[in-house]
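S.K.: Start from chain A and add chain B according to the hints.
Taken in order, these protein sequences are the chains called A and B. Just so we're aligned, residue 1 is where the first sequence starts under UniProt numbering, counting upward by one. Just so we're aligned, residue 1 is where the second sequence starts under UniProt numbering, counting upward by one.
Please note: incorrect hints may appear among the correct ones.
Unchecked claim - Taking lysine-lysine and the DSSO-like style, the derived pairs with C-alpha atoms no more than 30 Å apart in a straight line are:
1) Lys255(A) <-> Lys192(A)
2) Lys190(A) <-> Lys390(B)
3) Lys240(B) <-> Lys245(A)
4) Lys255(A) <-> Lys239(A)
5) Lys190(A) <-> Lys255(A)
6) Lys390(B) <-> Lys255(A)
7) Lys190(A) <-> Lys339(B)
8) Lys53(A) <-> Lys243(A)
9) Lys192(A) <-> Lys390(B)
10) Lys303(A) <-> Lys255(A)
11) Lys243(A) <-> Lys240(B)
12) Lys239(A) <-> Lys240(B)
13) Lys255(A) <-> Lys309(A)
14) Lys280(B) <-> Lys53(A)
These aren't lab readings, by the way, just hints derived from the structure by calculation.
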Amino acid sequence: MSKFPKCAGLLAALAFTAGPVMAETFGLGRPALPEEIAAWDGDIRPDGTGLPKGSGDALIGEEIFAEQCAACHGDFAEGIGNWPKLAGGADTLDHDDPLKTVGSYWPYLTTAYDYIKRSMPYGNAGTLSDDEVYATLAYILYSNDLIPDDFILSDETLLDVEMPNAEGFIIDDRAETEYAQWSDAPCMEKCKSAVNITMRAMVLDVTPQEETSPEAEPEEAPLMVTAAFDPALAAEGEKVFRKCKACHQIGADAKNKSGPILTGVVGSPAGVVEGFSYSKPLIKVAESGLIWSEKELAAFLEKPRAYLKGTKMSFAGLRKEADQRAIIEYLKSYGN
Amino acid sequence: MSDHETGNRPSRRAFLGGAAAAGALTAGGARAQTPDPLITEIQPWAQGFGDGVDAVRYGLPIEYEGDVIRRNVEWLTADTISSINFTPIHALEGTITPQGCAFERHHSGAIDLRKEDYRLMINGLVDRPLVFNYADLERFPRENHVYFCECAANTGMEWAGAQLNGAQFTHGMIHNMEYTGVPLRILLEEAGLDTAGDLADKWVFVEGADASSNGRSIPMEKALDDVLVAFKANGEALRKEHGYPVRLVVPGWEGNMWVKWIRRIEVMDGPVESREETSKYTDTLEDGTSRKWTWAMDAKSVVTSPSPQAPVTHGTGPLVISGLAWSGRGAITRVDVSKDGGMSWETARLARPGERMALSRFYLDTHWDGSEMLLQSRAMDDTGYVQPTKAQLRAVRGLNSIYHNNCIQTWLLRANGEAENVEVS
Numbered sequence: 001m002s003k004f005p006k007c008a009g010l011l012a013a014l015a016f017t018a019g020p021v022m023a024e025t026f027g028l029g030r031p032a033l034p035e036e037i038a039a040w041d042g043d044i045r046p047d048g049t050g051l052p053k054g055s056g057d058a059l060i061g062e063e064i065f066a067e068q069c070a071a072c073h074g075d076f077a078e079g080i081g082n083w084p085k086l087a088g089g090a091d092t093l094d095h096d097d098p099l100k101t102v103g104s105y106w107p108y109l110t111t112a113y114d115y116i117k118r119s120m121p122y123g124n125a126g127t128l129s130d131d132e133v134y135a136t137l138a139y140i141l142y143s144n145d146l147i148p149d150d151f152i153l154s155d156e157t158l159l160d161v162e163m164p165n166a167e168g169f170i171i172d173d174r175a176e177t178e179y180a181q182w183s184d185a186p187c188m189e190k191c192k193s194a195v196n197i198t199m200r201a202m203v204l205d206v207t208p209q210e211e212t213s214p215e216a217e218p219e220e221a222p223l224m225v226t227a228a229f230d231p232a233l234a235a236e237g238e239k240v241f242r243k244c245k246a247c248h249q250i251g252a253d254a255k256n257k258s259g260p261i262l263t264g265v266v267g268s269p270a271g272v273v274e275g276f277s278y279s280k281p282l283i284k285v286a287e288s289g290l291i292w293s294e295k296e297l298a299a300f301l302e303k304p305r306a307y308l309k310g311t312k313m314s315f316a317g318l319r320k321e322a323d324q325r326a327i328i329e330y331l332k333s334y335g336n
Numbered sequence: 001m002s003d004h005e006t007g008n009r010p011s012r013r014a015f016l017g018g019a020a021a022a023g024a025l026t027a028g029g030a031r032a033q034t035p036d037p038l039i040t041e042i043q044p045w046a047q048g049f050g051d052g053v054d055a056v057r058y059g060l061p062i063e064y065e066g067d068v069i070r071r072n073v074e075w076l077t078a079d080t081i082s083s084i085n086f087t088p089i090h091a092l093e094g095t096i097t098p099q100g101c102a103f104e105r106h107h108s109g110a111i112d113l114r115k116e117d118y119r120l121m122i123n124g125l126v127d128r129p130l131v132f133n134y135a136d137l138e139r140f141p142r143e144n145h146v147y148f149c150e151c152a153a154n155t156g157m158e159w160a161g162a163q164l165n166g167a168q169f170t171h172g173m174i175h176n177m178e179y180t181g182v183p184l185r186i187l188l189e190e191a192g193l194d195t196a197g198d199l200a201d202k203w204v205f206v207e208g209a210d211a212s213s214n215g216r217s218i219p220m221e222k223a224l225d226d227v228l229v230a231f232k233a234n235g236e237a238l239r240k241e242h243g244y245p246v247r248l249v250v251p252g253w254e255g256n257m258w259v260k261w262i263r264r265i266e267v268m269d270g271p272v273e274s275r276e277e278t279s280k281y282t283d284t285l286e287d288g289t290s291r292k293w294t295w296a297m298d299a300k301s302v303v304t305s306p307s308p309q310a311p312v313t314h315g316t317g318p319l320v321i322s323g324l325a326w327s328g329r330g331a332i333t334r335v336d337v338s339k340d341g342g343m344s345w346e347t348a349r350l351a352r353p354g355e356r357m358a359l360s361r362f363y364l365d366t367h368w369d370g371s372e373m374l375l376q377s378r379a380m381d382d383t384g385y386v387q388p389t390k391a392q393l394r395a396v397r398g399l400n401s402i403y404h405n406n407c408i409q410t411w412l413l414r415a416n417g418e419a420e421n422v423e424v425s
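This is chain A alone, in the form it adopts within the complex (with noise of 0.2 Å):
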């Protein structure tokens, strides 16, 4: 490989050496099972090695990141704050602040359907069947304009995709372009004519502030317990909260992220979370004085998005309804 000119003669040497060693093994371990490697061994090569049988479409894609993948992605996959953008991106690569994307930057689609697969979605990971990453897939790259809406994407025509920056990644070449000119015997002395200070960390002054002293902070709240509160439910519901924790905090140190901190939320009026910029349908329904009683919020959690047109909380629902007494539970044990 001529990536490694060394390799050769470095492995020649070491079988050469280690020969009548390599025979030898400690008896350690035991063989893996089929099922086992069936299990774990899921990963997808440039060529196509690895990939499963299934087709999907933007248009069913478009569903399934809708609920799975836009409340961070955006639902044009287009990005929400510091969440990944998706798409777009094209031709910046050479500008400043290059934008990377699946469409612009990716070299091999098979990267993202091992990526999706594996790790997504976010807290939930590797709950997508085949079909469906082949699906949101499909949706990510008709949102970077690479096929059109009708295109099936399957493991047959995941190769025809065409990436735009498949040509554009070189192997590392220090060793040609740096290596040589930064190995001079180092100046000591008379190294410049001048030396002036072109920049300085606080005039921009983004490093992170001090945390508040102990002394001054407020004594912790005490947790708001209702007689019916229900200590194993909430524990229950503690779990069912890791889908939210994406974009949810809670607790005395929360902070808003692409959904609003939710601490105190069992009791409260909606939309009275400070910083955060709720959508409009919300804020009219919170005029109106909806408060967030146990009922309201499991009829929210069922079906978000049925229950409020328009809400930003791109979240499927809990189609549970032990899921939405536990997680309520569980958002009570965080009061006022």
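M.R.: This is chain B only, laid out in the frame that chain A set:
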């Protein structure tokens, strides 16, 4: 204490407080005007009892060192589950990073994985696909090595200019530990490599057990050379945030390849080109093309004290300028320090001879006359490589590489002892 507790960016007010304290401290060296009650009066600690044994059964730092902690830069990432924090290198000494304050980087959070539930699979082009449990790993011959682990993005926020005011934030995506583990070569041989045939063009793909199952492809040459499957660091079990119970250690190469909670190693005939090695950890040059497989971390150094978070509080006189140097391609052989922004240089003293792929500590024992200094350090490794300036790096790479910024850093030390992150011509 007050000067230290201001932490990230000593304010003017805090500094003045510090200067007053410094007055008291320097008085130790001068003639005392009045007897020091700390000496003339019996102190509580000299009279009553301290803590008995077992007061803290796994020790923590004393409360007075409470400012020596990892810190996060909130605006860098969307949330802390997929994020990074920084080692307080400005406040540490020697070269070994205590695990409790060694930087963390997660893609789906630090997971709870018991030793009993741990499994490591080796599959692919091997003679015998195998599954090891944790106890199996402890029965293989093991080795101890001190290595640094540096995130490829360390100092990445400084590409476009001086930005973050503190060595912790500019250079703190690094830690250095003594790892104990089994050479990956031994595990691969246990599974048998005859099936793989010619090893020169083979790779291993390594992935973790967490929800991101972060995966990277590593060429076989490196896998058989010095990669460790490690289960201890600094003599104790790995911390949860560093991959307990087992992580990969890939000496000298970018931290993203040091897969935590490693669960699978597949021998392959090519790279997977995973998300981490294509869309991330590739370095975009000015013309829009990007370098990939930039695995090795080049020689680099930084003055850790004085620095913005470690101002001079003792006034003029003896001053120890101290810092860290490292190279992912070998051992540090020399570090030079400049006090005038690179106009002239003095060779610093290495605390110990440089070790391969490990941090070196350097000192310049000097006298400060109270005038402004522009402090820089410049590392050299045993390949003859000399750490470049920001201008040299930018001339080759432009401003958009994000990763592998190993430029010479400049601190402006003002006459009042405060320091600031600056750039010089």
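S.K.: If a hint holds in the structure, say so; if it does not, say that too.
M.R.: Verification of the hints:
no.	hint	result
1	Lys255(A) <-> Lys192(A)	violated (49 Å)
2	Lys190(A) <-> Lys390(B)	holds (19 Å)
3	Lys240(B) <-> Lys245(A)	holds (20 Å)
4	Lys255(A) <-> Lys239(A)	holds (20 Å)
5	Lys190(A) <-> Lys255(A)	violated (52 Å)
6	Lys390(B) <-> Lys255(A)	violated (36 Å)
7	Lys190(A) <-> Lys339(B)	holds (13 Å)
8	Lys53(A) <-> Lys243(A)	holds (28 Å)
9	Lys192(A) <-> Lys390(B)	holds (15 Å)
10	Lys303(A) <-> Lys255(A)	holds (24 Å)
11	Lys243(A) <-> Lys240(B)	holds (22 Å)
12	Lys239(A) <-> Lys240(B)	holds (20 Å)
13	Lys255(A) <-> Lys309(A)	holds (25 Å)
14	Lys280(B) <-> Lys53(A)	holds (28 Å)
In terms of the numbered hints stated before, the structure departs from hints 1, 5 and 6, listed from lowest to highest.
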